[in-house]
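Asks: Residue numbers (the working numbering), protein chains in the order written: chain A, 36 to 383; chain B, 44 to 365; chain C, 535 to 816.
Please keep in mind that the hints were generated in silico from the structure rather than gathered at the bench. Among the hints, a few may not be true.
[Said to hold, decoys possible] In silico EDC-like pairs for lysine to aspartate or glutamate, Cα to Cα no more than 20 Å straight-line:
| # | chain 1 | residue 1 | chain 2 | residue 2 |
| --- | --- | --- | --- | --- |
| 1 | B | Lys82 | C | Asp645 |
| 2 | B | Lys130 | A | Asp158 |
| 3 | B | Lys82 | C | Glu630 |
| 4 | A | Lys379 | A | Glu362 |
| 5 | B | Lys358 | C | Glu630 |
| 6 | B | Lys353 | C | Glu693 |
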Amino acid sequence: MKKLLKLAVSALAVISMFVQPLKASSVELIGAGATFPYPLYSKMFDVYNKEHGIKINYSAIGSGGGIRQLMAKTVDFGGTDAFLTDKEIREMPGSVVHIPTCIGAVVFAFNVPGVPELNLTPDVIAGIFLGKIKKWSAPEIRKINQNVKMPDINIVVIHRSDGSGTTFIFSDYVSKISNEWKNSVGTGTSLKWPCGLGAKGNPGVAGLIKQIPGSIGYVELIYALSNKIPFACVQNKSGIFIKPSLLNTSIAANVELPDDMRVSITNTNEKNGYPICGFTWIIVYKEQNYDNRSFEKAKELVNLLWWITHQGQRYTEALHYASLPKEAVVKAERIIQSITYNGKPIIK
Amino acid sequence: MKKTSKKQEIKKVFSKDPGPWNFYSRAGNKYFLMDWIFKKILFISGVSIFFLVLMIFIFLVLNSMPSIKEFGFRFFLSKSWDPVFEKFGALPFIAGTIFTSFLALLISLPFSLSISLYLGEFSKSGFFSGFLKNSIELLAGVPSVVYGFFGMFVLIPIVRYLEIKFNIEPYGVGIFTSSIILSIMIIPFSASLGREVIELIPQDIKEAAYSLGSTRYEVIKRVVLPYAKSGITAGILMALGRAFGETMAVTMVIGNSNVMPKGLFSPANTMASLIANEFTEAVSRIHLSSLIEIGLVLFIISAVFSIMGKIFIHKFSITENG
Amino acid sequence: MDNKNISKRIFKDRIFTVCVTFLAFIACLPLLGILFLIIKNGASSINLGFFIHLPKPVGEEGGGIANAIVGTFIVVGIAFLIATPISLLTGIFLSENRKSRFSEMVRVSIDILSGIPSIVIGIIAYLWVVKPMKGFSALSGGIALAMIMLPVVIKSAEETLKLIPYSLREASFALGVPYYRTVLKVILPTGFSGIITGVLIAVARIAGETAPLLFTAFGNPFMNFNITKPVNALPLLVFNYATSPYEQWHKIAWGAAFILIIIVFVVNILARMISKKWKVTF
Numbered sequence: 036m037k038k039l040l041k042l043a044v045s046a047l048a049v050i051s052m053f054v055q056p057l058k059a060s061s062v063e064l065i066g067a068g069a070t071f072p073y074p075l076y077s078k079m080f081d082v083y084n085k086e087h088g089i090k091i092n093y094s095a096i097g098s099g100g101g102i103r104q105l106m107a108k109t110v111d112f113g114g115t116d117a118f119l120t121d122k123e124i125r126e127m128p129g130s131v132v133h134i135p136t137c138i139g140a141v142v143f144a145f146n147v148p149g150v151p152e153l154n155l156t157p158d159v160i161a162g163i164f165l166g167k168i169k170k171w172s173a174p175e176i177r178k179i180n181q182n183v184k185m186p187d188i189n190i191v192v193i194h195r196s197d198g199s200g201t202t203f204i205f206s207d208y209v210s211k212i213s214n215e216w217k218n219s220v221g222t223g224t225s226l227k228w229p230c231g232l233g234a235k236g237n238p239g240v241a242g243l244i245k246q247i248p249g250s251i252g253y254v255e256l257i258y259a260l261s262n263k264i265p266f267a268c269v270q271n272k273s274g275i276f277i278k279p280s281l282l283n284t285s286i287a288a289n290v291e292l293p294d295d296m297r298v299s300i301t302n303t304n305e306k307n308g309y310p311i312c313g314f315t316w317i318i319v320y321k322e323q324n325y326d327n328r329s330f331e332k333a334k335e336l337v338n339l340l341w342w343i344t345h346q347g348q349r350y351t352e353a354l355h356y357a358s359l360p361k362e363a364v365v366k367a368e369r370i371i372q373s374i375t376y377n378g379k380p381i382i383k
Numbered sequence: 044m045k046k047t048s049k050k051q052e053i054k055k056v057f058s059k060d061p062g063p064w065n066f067y068s069r070a071g072n073k074y075f076l077m078d079w080i081f082k083k084i085l086f087i088s089g090v091s092i093f094f095l096v097l098m099i100f101i102f103l104v105l106n107s108m109p110s111i112k113e114f115g116f117r118f119f120l121s122k123s124w125d126p127v128f129e130k131f132g133a134l135p136f137i138a139g140t141i142f143t144s145f146l147a148l149l150i151s152l153p154f155s156l157s158i159s160l161y162l163g164e165f166s167k168s169g170f171f172s173g174f175l176k177n178s179i180e181l182l183a184g185v186p187s188v189v190y191g192f193f194g195m196f197v198l199i200p201i202v203r204y205l206e207i208k209f210n211i212e213p214y215g216v217g218i219f220t221s222s223i224i225l226s227i228m229i230i231p232f233s234a235s236l237g238r239e240v241i242e243l244i245p246q247d248i249k250e251a252a253y254s255l256g257s258t259r260y261e262v263i264k265r266v267v268l269p270y271a272k273s274g275i276t277a278g279i280l281m282a283l284g285r286a287f288g289e290t291m292a293v294t295m296v297i298g299n300s301n302v303m304p305k306g307l308f309s310p311a312n313t314m315a316s317l318i319a320n321e322f323t324e325a326v327s328r329i330h331l332s333s334l335i336e337i338g339l340v341l342f343i344i345s346a347v348f349s350i351m352g353k354i355f356i357h358k359f360s361i362t363e364n365g
Numbered sequence: 535m536d537n538k539n540i541s542k543r544i545f546k547d548r549i550f551t552v553c554v555t556f557l558a559f560i561a562c563l564p565l566l567g568i569l570f571l572i573i574k575n576g577a578s579s580i581n582l583g584f585f586i587h588l589p590k591p592v593g594e595e596g597g598g599i600a601n602a603i604v605g606t607f608i609v610v611g612i613a614f615l616i617a618t619p620i621s622l623l624t625g626i627f628l629s630e631n632r633k634s635r636f637s638e639m640v641r642v643s644i645d646i647l648s649g650i651p652s653i654v655i656g657i658i659a660y661l662w663v664v665k666p667m668k669g670f671s672a673l674s675g676g677i678a679l680a681m682i683m684l685p686v687v688i689k690s691a692e693e694t695l696k697l698i699p700y701s702l703r704e705a706s707f708a709l710g711v712p713y714y715r716t717v718l719k720v721i722l723p724t725g726f727s728g729i730i731t732g733v734l735i736a737v738a739r740i741a742g743e744t745a746p747l748l749f750t751a752f753g754n755p756f757m758n759f760n761i762t763k764p765v766n767a768l769p770l771l772v773f774n775y776a777t778s779p780y781e782q783w784h785k786i787a788w789g790a791a792f793i794l795i796i797i798v799f800v801v802n803i804l805a806r807m808i809s810k811k812w813k814v815t816f
């Protein structure tokens, strides 16, 4: 009798758990992907939740993860700083659109005892990350940093261990300035790194750099600033050493923007632009009626996207991201308006 | 339907040799149907477990097929894990797994052996042995993430400090650090199995040795250990199997580098930590199926260890009883 | 000559004793170290708000881990409901059919299952539940944990039931009780304490598992009672926060690890108390 009672109680508990989805629940959106814009999204989604009551669950697992989970349709949207390659577009089960959300800068955070400022040229960058330049006291580094005493310690390279859009922006740049890198390592979200330690996410890389003397790695600007890690000035195409900031990040975005917004803005031609910047995108399926998605959910998603590209841009500067330039917003609007449900655009 | 009277039925049952006591015969069993259903339910649950394991194996194989077809046996010999050019080789991770696990085993062996001996021989009861026993059981219960956390905030700074002192790359993370954490984690397994085995050794053999004038050390060296050899080996195998598959603590302290580890202090990756890192993000089919193939390898290795451990325990119980 | 030999041997024996005792107790140090550290760092983060509030976005002070605590209970609860009936039945099956070739196969399968690394179980749960369901969910996490729980409970159930002497069964049959009733009403209650112990130990084990939840439960910054949606869990939270560079998150991770360890230890101690108190010996 007692056992039967226990069984009944547990069965009731199970059933009650299933009752939840039957109730009229408010729409929840799930996203996953880039850690690059995570501080910004975290703030944006919190504000959006307070203003509109919609819960958005974003998991920063790296751009590769965002692309993969959107491909598997386990999330509503993906976040990525690496726009889909043609091959990836072919592998997606449906047509995917990219909506830019902000621009960020990939900076070289470093931890070299006694060195507060660092200059880097493209050749030196390639040399360090290819493992060719092994010590901080190497002549190539000393030549461009004449007013600092470089200690004679080993360079420890820190890179990403997960599939990362930040890696994509970084490797896109290095492939452009170094043929050797282009042919041996290439561009991508996950690379065959010649040397160095891997850490998970922008936060992981920042954490390791902070702890290991002699280390250098690439992170999004906000991660270096909020963790108070010094970062390097990079020589751009015009020969000027640029210290990354909001201003020169926005300048770098001054390029011809394609309609689908899949554009790389690294190694900019702009005289005062920082050479390693990138857009970050949210990717969603163009046709939202898949797998029994409700119209309500699609509409909330599209509303969120519109909000991010308009009102949401208010929160970018405080967190050291550059907001979208006007042309980018116009293109983004057109893309959002092309998202359909059953063939009909959701937003006008 | 033949109508045999109850009396005749019972006579029939008892006239021949009924054989071993069989509760399952229809004769005289009013509840035959219920019993039959119950037995079938038991049988089905047994089958479902067997089926579960089989299905796990099949699914792992099926999903590894793209990578098996593409790389074949080269998968295990190739050092490059290259997602950009889509060439995947598992050697760095096999090496990482083997190094960390065997090193962990080596480090933990003196400790777990000492614990087994202390609890089995020196002091079977009493305050201190109770304390020791409880500590070991609690140690086994600490979740893996907590070990990793401990490793990150305590062990890594210590190792980094040592590395700076000895002029090695101050990574802090690496094979050495993960081996230490692993060794702490596997001590309870070999220790408890070893203790049980040592406790089971018959008193008379030991007493015979003592009566011949051996010291305790000699009794242990010449009688206890050889006798418990297979049981202790089983414990070692169990510990090794656990070390091979350990994921969380390792991934937090191993440095996540997909190249062949160059030395004791280099960062590396084990098969399990690689899967934890890259599974949610493997975009291409080949990348994903290469990861699943590594999972398949882990499955096979752990299955082999389990079966070998079982054989050794069986051998021990034979020598014990025979 | 004889004396020298003997004293050498006695000396070796003494050294040996010292070494063994020394090593055995040094092995306890890590445990004490871990406990001490977690209590020291974790207790300071614990206050009532910790249990009630939800996590705050990165960079903001405060926040709690209420959703992770609830989430852990949910996935463990699901695993318990799925695994316990099957394990009980299989345990009974194995103890009732000790010698048959088929039950040997089942035993081997259970040994293999218990040795599978939890990350591989996570892969399987992803392939079997997350992909078809097109989404991460507490349910998939619970299923993964159930697969880990199965071998533990089955083995302890089988061992407990094996210890019950055959005479109890015979007595029951002699009274005319049918087989199914004998098992359910006589054998099982006798072995109750051992079985409950096994269940509790398995629960303590899966409460701390992270790897299977990585690609199934996914994590969730909000509170969630819906088992078809992603959910946060204590070990997941500890992992994510510990590997981040934010100081506030580290503090929260210590607190969460503290709570996790307390839950695991309490369940273990409960299991042992039950086993001692209600044990039926023959």
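Asks: For each hint, tell me whether it holds in the structure or not.
Replies: Hint check results:
1. About 23 Å separates the Cα atoms of lysine 82 of chain B and aspartate 645 of chain C, which puts this hinted pair outside 20 Å; it is violated.
2. Note on lysine 130 of chain B and aspartate 158 of chain A: the hinted pairing is violated, with a Cα-Cα distance of about 27 Å set against a maximum of 20 Å.
3. Under the criterion of a C-alpha separation no larger than 20 Å, the hint pairing lysine 82 of chain B with glutamate 630 of chain C is consistent with the structure, at around 10 Å.
4. At roughly 25 Å between alpha-carbon atoms, lysine 379 of chain A and glutamate 362 of chain A are farther apart than 20 Å, so this suggested pair is violated.
5. Restraint check for lysine 358 of chain B and glutamate 630 of chain C: the C-alpha separation of about 24 Å exceeds 20 Å, so the hint is violated.
6. Proximity of lysine 353 of chain B to glutamate 693 of chain C is assessed by CA-CA distance (about 15 Å); at most 20 Å being required, the pair is judged to hold.
Violated hints, listed in ascending order, are 1, 2, 4, 5; each of the other numbered hints is respected by the structure.
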